[in-house]
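The whole structure should be built from the sequences, with the hints applied where relevant.
One line per chain: the protein sequences are A, B and C, in this order. Under UniProt numbering, the first residue of the first sequence is numbered 1, with each subsequent residue one higher. Under UniProt numbering, the first residue of the second sequence is numbered 1, with each subsequent residue one higher. Under UniProt numbering, the first residue of the third sequence is numbered 1, with each subsequent residue one higher.
Derived from the structure by calculation, the hints contain no laboratory data. From a predicted model like this one, the values you see are computed outputs, not experimental measurements. You may find that some hints are simply not true.
With a cut-off of at most 25 Å between alpha-carbon atoms, the simulated SDA-like pairs for lysine to any residue come out as follows [what the hints assert, rightly or not]:
#1 A:K271 to C:I314
#2 C:K133 to B:P238
#3 B:K213 to C:G46
Each pair of labels, with its calculated beta carbon distance range [said to hold, decoys possible]:
#4 B:R58 to A:A251: 38 to 48 Å
#5 C:R71 to B:S50: 31 to 41 Å
#6 C:V309 to B:S50: 55 to 65 Å
#7 B:A134 to C:G89: 31 to 41 Å
#8 C:D145 to A:E89: 23 to 33 Å
#9 B:P169 to C:S290: 53 to 63 Å
#10 B:A134 to C:K133: 27 to 37 Å
Far from chain C, by Cβ distances over 10 Å, these chain B residues were calculated [to be verified]:
#11 L48
#12 A93
#13 Q96
#14 I287
#15 P321
Here a beta-carbon is modelled for each residue, glycine too, at the ideal position from N, C-alpha and C.
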Amino acid sequence: MTADEQPATLLDVRDLHVEFRTRDGVAKAVGGVSYTVEAGQTLAVLGESGSGKSVTAQAVMGILDSPPGFVTGGEVLFRGRDLLRMGEEQRRRVRGAELAMIFQDALSSLNPVMTVGAQLGEMFEVHQGMSRKDARARAVQLMERVRIPAAADRVRDYPHQFSGGMRQRIMIAMALALEPDLIIADEPTTALDVTVQAQVMDLLAELQREFNMGLILITHDLGVVADVADKIAVMYAGRIVETAPVHDLYAAPAHPYTRGLLASIPRLDRKGRELYAIKGLPPNLTDIPSGCPFNPRCPRARDICRTDRPPLFTVAPGRASACHFWKETLDEG
Amino acid sequence: MPEPDPHDPKDAIQSGGGGAMSLATGDAEALGTGPVPGGPASGKARSLWSDAWHDLRRNPVFVVSALVIAFLVLIALWPGLIASGNPLQCDLAKAQEGSQPGHPFGFDAQGCDVYTRTVYGARASITVGVCATAGAALLGGVLGGLAGFFGGWWDGLLSRLADIFFGIPIILGGLVFLSVVTGGSVWPVVGFIVLLGWPQISRIARGSVVGAKQHDYVQAARSLGAGNGRLLLRHIGPNAVAPVIVVATIALGTYIALEATLSFVGVGLKPPTVSWGIDISNASGQIRNAPHMLLWPAGALSVTVLAFIMLGDAVRDALDPKLR
Amino acid sequence: MRADGEALLEVRDLVKHYPLTRGILFKKQTGAVHAVDGVSFELRRGETLGIVGESGCGKSTVAKMLVHLERPTAGHIRYKGEDITRLSGRALKAVRRNIQMVFQDPYTSLNPRMTVGDIIGEPFDIHPEVAPKGDRRRKVRELLDVVGLNPEYINRYPHQFSGGQRQRIGIARGLALNPEIIICDEPVSALDVSVQAQVVNLLARLQQQFELSYVFIAHDLSVVRHISDRVAVMYLGKLAEVGTDVQIYDHPTHPYTQALLSAVPVPDPRARSERILLAGDVPSPAHPPSGCRFRTRCWKAQPKCTAEVPPLEIPEWFREPGGPAAHVSACHFAEERSVVPNETGA
Numbered sequence: 001m002t003a004d005e006q007p008a009t010l011l012d013v014r015d016l017h018v019e020f021r022t023r024d025g026v027a028k029a030v031g032g033v034s035y036t037v038e039a040g041q042t043l044a045v046l047g048e049s050g051s052g053k054s055v056t057a058q059a060v061m062g063i064l065d066s067p068p069g070f071v072t073g074g075e076v077l078f079r080g081r082d083l084l085r086m087g088e089e090q091r092r093r094v095r096g097a098e099l100a101m102i103f104q105d106a107l108s109s110l111n112p113v114m115t116v117g118a119q120l121g122e123m124f125e126v127h128q129g130m131s132r133k134d135a136r137a138r139a140v141q142l143m144e145r146v147r148i149p150a151a152a153d154r155v156r157d158y159p160h161q162f163s164g165g166m167r168q169r170i171m172i173a174m175a176l177a178l179e180p181d182l183i184i185a186d187e188p189t190t191a192l193d194v195t196v197q198a199q200v201m202d203l204l205a206e207l208q209r210e211f212n213m214g215l216i217l218i219t220h221d222l223g224v225v226a227d228v229a230d231k232i233a234v235m236y237a238g239r240i241v242e243t244a245p246v247h248d249l250y251a252a253p254a255h256p257y258t259r260g261l262l263a264s265i266p267r268l269d270r271k272g273r274e275l276y277a278i279k280g281l282p283p284n285l286t287d288i289p290s291g292c293p294f295n296p297r298c299p300r301a302r303d304i305c306r307t308d309r310p311p312l313f314t315v316a317p318g319r320a321s322a323c324h325f326w327k328e329t330l331d332e333g
Numbered sequence: 001m002p003e004p005d006p007h008d009p010k011d012a013i014q015s016g017g018g019g020a021m022s023l024a025t026g027d028a029e030a031l032g033t034g035p036v037p038g039g040p041a042s043g044k045a046r047s048l049w050s051d052a053w054h055d056l057r058r059n060p061v062f063v064v065s066a067l068v069i070a071f072l073v074l075i076a077l078w079p080g081l082i083a084s085g086n087p088l089q090c091d092l093a094k095a096q097e098g099s100q101p102g103h104p105f106g107f108d109a110q111g112c113d114v115y116t117r118t119v120y121g122a123r124a125s126i127t128v129g130v131c132a133t134a135g136a137a138l139l140g141g142v143l144g145g146l147a148g149f150f151g152g153w154w155d156g157l158l159s160r161l162a163d164i165f166f167g168i169p170i171i172l173g174g175l176v177f178l179s180v181v182t183g184g185s186v187w188p189v190v191g192f193i194v195l196l197g198w199p200q201i202s203r204i205a206r207g208s209v210v211g212a213k214q215h216d217y218v219q220a221a222r223s224l225g226a227g228n229g230r231l232l233l234r235h236i237g238p239n240a241v242a243p244v245i246v247v248a249t250i251a252l253g254t255y256i257a258l259e260a261t262l263s264f265v266g267v268g269l270k271p272p273t274v275s276w277g278i279d280i281s282n283a284s285g286q287i288r289n290a291p292h293m294l295l296w297p298a299g300a301l302s303v304t305v306l307a308f309i310m311l312g313d314a315v316r317d318a319l320d321p322k323l324r
Numbered sequence: 001m002r003a004d005g006e007a008l009l010e011v012r013d014l015v016k017h018y019p020l021t022r023g024i025l026f027k028k029q030t031g032a033v034h035a036v037d038g039v040s041f042e043l044r045r046g047e048t049l050g051i052v053g054e055s056g057c058g059k060s061t062v063a064k065m066l067v068h069l070e071r072p073t074a075g076h077i078r079y080k081g082e083d084i085t086r087l088s089g090r091a092l093k094a095v096r097r098n099i100q101m102v103f104q105d106p107y108t109s110l111n112p113r114m115t116v117g118d119i120i121g122e123p124f125d126i127h128p129e130v131a132p133k134g135d136r137r138r139k140v141r142e143l144l145d146v147v148g149l150n151p152e153y154i155n156r157y158p159h160q161f162s163g164g165q166r167q168r169i170g171i172a173r174g175l176a177l178n179p180e181i182i183i184c185d186e187p188v189s190a191l192d193v194s195v196q197a198q199v200v201n202l203l204a205r206l207q208q209q210f211e212l213s214y215v216f217i218a219h220d221l222s223v224v225r226h227i228s229d230r231v232a233v234m235y236l237g238k239l240a241e242v243g244t245d246v247q248i249y250d251h252p253t254h255p256y257t258q259a260l261l262s263a264v265p266v267p268d269p270r271a272r273s274e275r276i277l278l279a280g281d282v283p284s285p286a287h288p289p290s291g292c293r294f295r296t297r298c299w300k301a302q303p304k305c306t307a308e309v310p311p312l313e314i315p316e317w318f319r320e321p322g323g324p325a326a327h328v329s330a331c332h333f334a335e336e337r338s339v340v341p342n343e344t345g346a
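Here you go:
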């Protein structure tokens, strides 16, 4: 795992399928998702709750609750090695050292009865066999790295003694500890206030540049994505409906769902009249509509949308849309 | 003591619960709790209780356990219905003999008919079990519920009082209490068990009410102008009762066994009262050479306890609309 | 925009301190959390007053005091000129009919063990004079229809609905007593983007239909701008700045408002603007800073900010020229600065 022989593509998810087997039936939480992330690149996975955006990430990380969740197909190639076919022991070594994850709720992700210094240091003790004293020194360095003021004193504090923004910084420090190649951040700033959110996103973006890491940013917030992502994958009902470089997507969406989402958020810079609202509700994942899953809510739906599931049509290089009428949608914007 | 949250509770909910939101709740929403077609047709008004009853009648667990309990209550009231003998008429010559015609369960150490004694024992055991549970649940539920709802000094006082009762060793307490309250009938025993049993239930009820009280729907009802009575009976009660039901049904079995223990050490029920507890303790010494003496009263006790636990389980599930 | 109506609700110097105590049976007060510290505003008939701020700023506590879920430590709330701050019993109940609340979390604000019919019908049980008994079911069905739900759902339980649908049920409950004022406490922040728009539109439509006045509390500045006629910005228990949406969003004069607005991510990659990054975190409301509450994070702070509490009034230097900068702002050094990135194209 030396830096000079690494292939450009860090993570290559191919046709991933995840099912949840529940009392109410089999829910197809992820139905054939593919994406790639390269070193130094930020991929934003955008979707509403139940779209499968977090489940995909959990399957990639290998932390899916199983049962009820099962990966039923596909490949997750990390530097060319399929994580899904790796042994549990091997996979655990990859996790943390090469792949790390940041969760939304920092308070529940940290152990309340251990000092943050001990939790950060533990990473080095376990993965690198450092002595307790050295590990503690590294912990202080890390905390300084994520700009926690008075790190040398605060290393002995417990998680509840930190504010929400500071806790999320500690989570970032933990993820960075072993200098992973790829970080998956699942709604890292959703629980934070806007002013703190801005600080944390800036920090994350800066560290990513510095370490040339790949970053998968999972979010429902179209605003956060616009600021930091290189490319976007929009998910709906367990599938990717559109992928595009960030500028293209906002300039002219090629899928009616993306279009509807963009139109339905109120603007900060002017007062709107009525908001555009996508009618209806996201589908029940145990009973996804045939054809295009978005067809019952789509203003553009025709007969073909109810019968034929649209594949991801190539719209432009690096850009695809799973809509039979992507051309018309694109022209409209 | 709960202290006021310096931050807006609203915001706390958002950041605290938000963690699970995108995954757990979010997916739960999509995983089939959306609007269900073919739900109950809207005709006349329905309520939690009518829906629960509607559910219970179709639940075989409930039907079976209710029938068993009805049967037990019936023979507790009129043991003569299925047993013609006299439980106190014994023949030492037949001591510990096994099953024989007319005496299907055999005889105990005093030569009394085990079948007759098991049937007659139902009255004392079920009276102790049901009355002690009802008393403890009522007392503990009301006291604990009020303490949880109103908080303050009353809550502090009650919690300390409960701690004191928790500290009393059962056997020692029984020796002291029951030797003062003379008798040997069931009522002092019921009274003693209620006295020792309510703190356990009051703790559960208190915790459960404190949990339910914090939900926004209680605040919503309060902002509509609902009084404390309505808040307790309509909003907090139904949402806090499940753990109390579970603990109470389990306690019922313990209480019947406790009666047996007290009788065994000689302060509980005394002959001529017949109870499963007395018979079980009498038989426990003879388990090797006459297992039937233990088997029948113990079996009757197990069936009774099981029936009440199943009943409690079914009622609890019926009161939770999410499980429908 | 109908900001010229009569003042329905007047709030004067509202204060809420939560005592911090120690001890189990014998409690000793060791301090106080200054959740709300002298807040004044008014709500006029037919308007929407937005209150924005970050967590811990006290905006939800204000909402709770307006609907009498919390008792103010000091200050007054007047409804149509009558002081309702310390009402109780029957008089309070009568006022409550006219001031209703919609809660943030649609998952905990509906009793899971009551049918939708019982939840929306409960206001009629508590205020039987509003609807005769035989008429209630019909009214509940009407309300379901008004908020865009199928009246046939009357016997269902909350868990059978999605988040957005539940919020509609909560709104129907709030409407049941024909109130004049609805306090909306973060009503859409728990909802998905596509559903959020539906609920925002519904609230706007209901305002027209029933001539409602809203106090709309949220942390999402875009939603607040969309729905509000006037906006109040709160920081650490105090109001920082109050004005019309144009005054606050296009001509903010308080540094906190400017920082807050500049931090909002805008869903347009071309509209990236310069962000004002604030240092540090919001101080604890148990130990608020002296003078101006924002001074610990403010880039303009001077010794004066530590010594003097800035009053919430129109800064002298803006009074003369008038214009959009002339609105109340609690800053000694208020100056106009445009921070909202303007949209290009579309």
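(request) With a cut-off of 25 Å on the C-alpha distance, tell me whether K213 of chain B and G46 of chain C pass. (result) violated (34 Å)
(message) Looking only at beta-carbon atoms, does the pair R58 of chain B, A251 of chain A fall within the given range of 38 to 48 Å?
(response) Given range 38 to 48 Å: violated, Cβ gap about 58 Å.
(request) Confirm or reject the statement that Q96 of chain B sits farther than 10 Å, beta carbon to beta carbon, from all of chain C. (result) holds (54 Å)
(request) Just double-check A93 of chain B for me: nearest Cβ-Cβ distance to chain C has to come out over 10 Å. (result) holds (61 Å)
(message) Does the beta carbon distance between R71 of chain C and S50 of chain B stay inside 31 to 41 Å, or does it fall outside?
(response) Given a distance of about 38 Å, which is inside 31 to 41 Å, the answer is holds.
(message) Beyond 10 Å on every Cβ pair: is that true for P321 of chain B relative to chain C?
(response) violated (4 Å)
(request) Please test the hint of 53 to 63 Å on the beta carbon pair from P169 of chain B and S290 of chain C. (result) Taking Cβ atoms as reference, P169 of chain B and S290 of chain C lie about 58 Å apart, which means the hint holds.
(request) Would you check the hint for K271 of chain A and I314 of chain C, treating anything up to 25 Å between C-alpha atoms as holding? (result) Measuring from Cα to Cα gives roughly 24 Å; hence the hint holds.
(request) Can you let me know if the beta-carbon spacing of A134 of chain B and K133 of chain C is within 27 to 37 Å? (result) holds (34 Å)
(message) Over 10 Å from every CB of chain C: does I287 of chain B meet that, or does the non-interface label fail?
(response) Non-interface label stands for I287 of chain B: nearest chain C Cβ at 47 Å, farther than 10 Å.
(request) Note whether the CB distance of V309 of chain C and S50 of chain B lies within 55 to 65 Å or breaks it. (result) Since the Cβ atoms of V309 of chain C and S50 of chain B sit about 59 Å apart, the hinted range of 55 to 65 Å holds.
(request) Check the following: the C-beta atoms of A134 of chain B and G89 of chain C are separated by a distance inside 31 to 41 Å. (result) Taking Cβ atoms as reference, A134 of chain B and G89 of chain C lie about 36 Å apart, which means the hint holds.
Hint compliance for this structure: hints 3, 4, 8, 11 and 15 are not met, and every other hint is.
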